[in-house]
Amino acid sequence: MSAVQTGEIITFFILAPLAVIGALGMVLARNAVHSALWLILTMLSLGVFYIVQAGPFIGMVQIIVYTGAIMMLFLFVLMLVGRDASDSVIETLRGQKVVGTLLGVGLAGLMATGIYQATRDYTVVGLEAANKDGNVQGLAKLIFTNYVFAFEVTSALLITAAVGAMILAHQEKSGVKAVGQVAKMRERFLPGNYPGPKPGPGVFATSNSVATPAKLPDGNPSQRSISPILPTRELTAAEKADKPTLTGGA
Amino acid sequence: MMPTLADFGKDVWWIVLIKVLAVFVFLVVMTLFTIWYERRVVARMQVRPGPNRNGPFGLLQSLADGLKLAFKEDIMPLKADKVVFFIAPVISTICAFTAFAIMPFGPIVSLFGQKTPLQLTDIPVAVLLVLACSGLGIYGIVLSGWASGSTYPLLGGLRSSAQMISYEVAMGLSIVAVFMMSGTMSTSEIVKAQAESSQTTVPDVLGGWSFTTPNWYVVLLLPSFIIYAISAVGETNRAPFDLPEAESELVGGFHTEYSSLKFALFFLAEYINMVTVSGLAVTLFFGGWRFPGFGPEHAINQGWLPVLWFTIKLLIALFIFVWLRGTLPRLRYDQFMRFGWKVLIPANLVWIVVLAGIKTSQNTDNLLWAIIPVALLLLGALFWPSKKKAVEVPMEKQVAKRPAGSYPVPPIDLEVPVSPRARRITAEREVV
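Line by line, the protein sequences are chains A and B.
Under this note's numbering, residues 1 to 250 are what the first sequence spells out, in order.
Under this note's numbering, residues 1 to 432 are what the second sequence spells out, in order.
Don't read these hints as lab results, they were simulated from the structure.
Because the structure is a prediction, the values reported are computed rather than measured.
Ideal Cβ positions, reconstructed from N, Cα and C, are used throughout, including at glycine.
Any given hint might turn out to be false.
[What the hints assert, rightly or not] According to the in silico footprint, chain B covers these stretches of chain A (three or more CB under 8 Å from chain B): (1) 66-73; (2) 131-141; (3) 151-165; (4) 216-227.
Construct the complete structure from the given sequences, taking the supplied hints into account.
Following this line, the structure appears as structure tokens:
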């Protein structure tokens, strides 16, 4: 009944290798961000497969949801391991790589043969009936009638997981209260604090170094004008001398 | 003839090729035009002429700028991730172009003897395609920020990903109301749904009078449109939501390290995205390519003329983008996030529930009696005062409470003396 069309075959044979390459690249890439990018390739290919196989809604949703999900993965990579993180090639368990590869290939082989055996003499039926009123409408009808309970329970589960993750990850800073703008302003004007901006260093006068202090009206150097992280240095005689404006141009 | 979903997928291959080329050319020309348009409009708002040297009214200015940009030196930063650095602008641009594939330009016309709708293609989930493309397009920005190997682009990229995650949700939710009203996600059918005006009768409880419902969803679904408009500005990284490329904070944001053609691609993608969200707004809320006030069979809505109506509507929408940029300062990052999550999304959810209630009450009689008390109860709960107001201390007491030795503040009843110049101006005015 649903004969495979030429366009579908062409799409499959272009995208299937890409999906496999993406999956392999995701496993083999050293850099965690590159892994995430390979994963996007695989997910996009899967999305197109769904669309080609008369499931446009699930295909689009696959793309939209997985872009957001992989974006989150991307952020986690950035936050947890930093920008330049790469896998180390040192084995923590002896022989782990060989055993892991063997087991992986074995599992893939088992699953592939299993699926192949199960679907070999399969005739696909019921696509027209399922998409009778349109793909989206058919899906909506199923989700909100037969499967409404499973659907709602799944959403509740996801929300619980999200809230739980937030509670576990959120660290309450004990004893430190958030300081509001009003409190900060009051603090600024308390006795012993100078509310104005600090004077700039004396870079415009006799030296162009930010380590040269500005001079106060009485001629003393202003310590406030120098950043505390700068090393102190000995001033030259010219820098120490009063400015011509103070000495009357002499 | 108004196209429906059934009219698509029947084109000959060379018709498809012509349409693809037409969409590509339309977008590139629109980009060149919009850059000029934006510069002229902003200039007008700031009382200066704007570009007016190259070509009539300076129309060729953006072409000249584009050529110059393409011939600039292409710089690859030393610490950049070379492949991703190259891929990022390509992703942005491809997604921007793809999203326009489902934009309806007009009705079914005759093209070299073939009857074909003026739209590249349409699928049952067309609007979702735009969402998917805009979602993928932001990868271009995030990856460019990451791959540049420099601090400011990384910050811009991170901001952009947060912006995507929050404003995509608001945008998607605002479109849900349109789907509920039209019962479809295909753009051509949404345009068709807005062509049919319908008589609506108020329930007998409220008088039983009837009126003609306006066709455009901007009238029927005004809250959705407002939320869509706001999140569209956020999606396209335009002022006042241009945090990923905040030039006064992050130099250029995600594209700080980009130059030459790669930068040009980002530029192109940003303007195409603007055109796309404007086109989507026109399609979803402003009746698409149809001229208002005339039936779908009227000559004004037939043939090639609707392309003009679509473009005019598009330019008006783009003008609003430029207007916003010329008027509003950039939002602070935390305010921006709070606005998205705590205002737009909850308001949207409430509106969807209200709309669902209205639609259900239209289908079922006497349900209004059940809905009104529930709605009143919910409104009451929403506006119930939650806590007592803090007692306000007068300013004099606050000042008196300050510890001794505090920095001197001016007296509260200080009268600032009027400057002599100001007095002169007042005097002159009194004479007139």
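Hints, one by one, checked against the model:
Beta-carbon proximity to chain B at under 8 Å applies to 4 residues in the region 66-73 of chain A; the threshold of 3 is reached and the given coverage holds. Residues of the region 131-141 of chain A with a Cβ under 8 Å from some Cβ of chain B number 3, which satisfies the need for three, so the listed coverage holds. Figure legend: the region 151-165 of chain A, annotated as covered by chain B; annotation inconsistent (0 residues with Cβ-Cβ distances under 8 Å, at least 3 required). With 0 residues having a Cβ less than 8 Å from any Cβ of chain B, the region 216-227 of chain A misses the three-residue criterion, and the hint is violated.
Taken one by one, the earlier hints fail for this structure at numbers 3 and 4, listed in ascending order.
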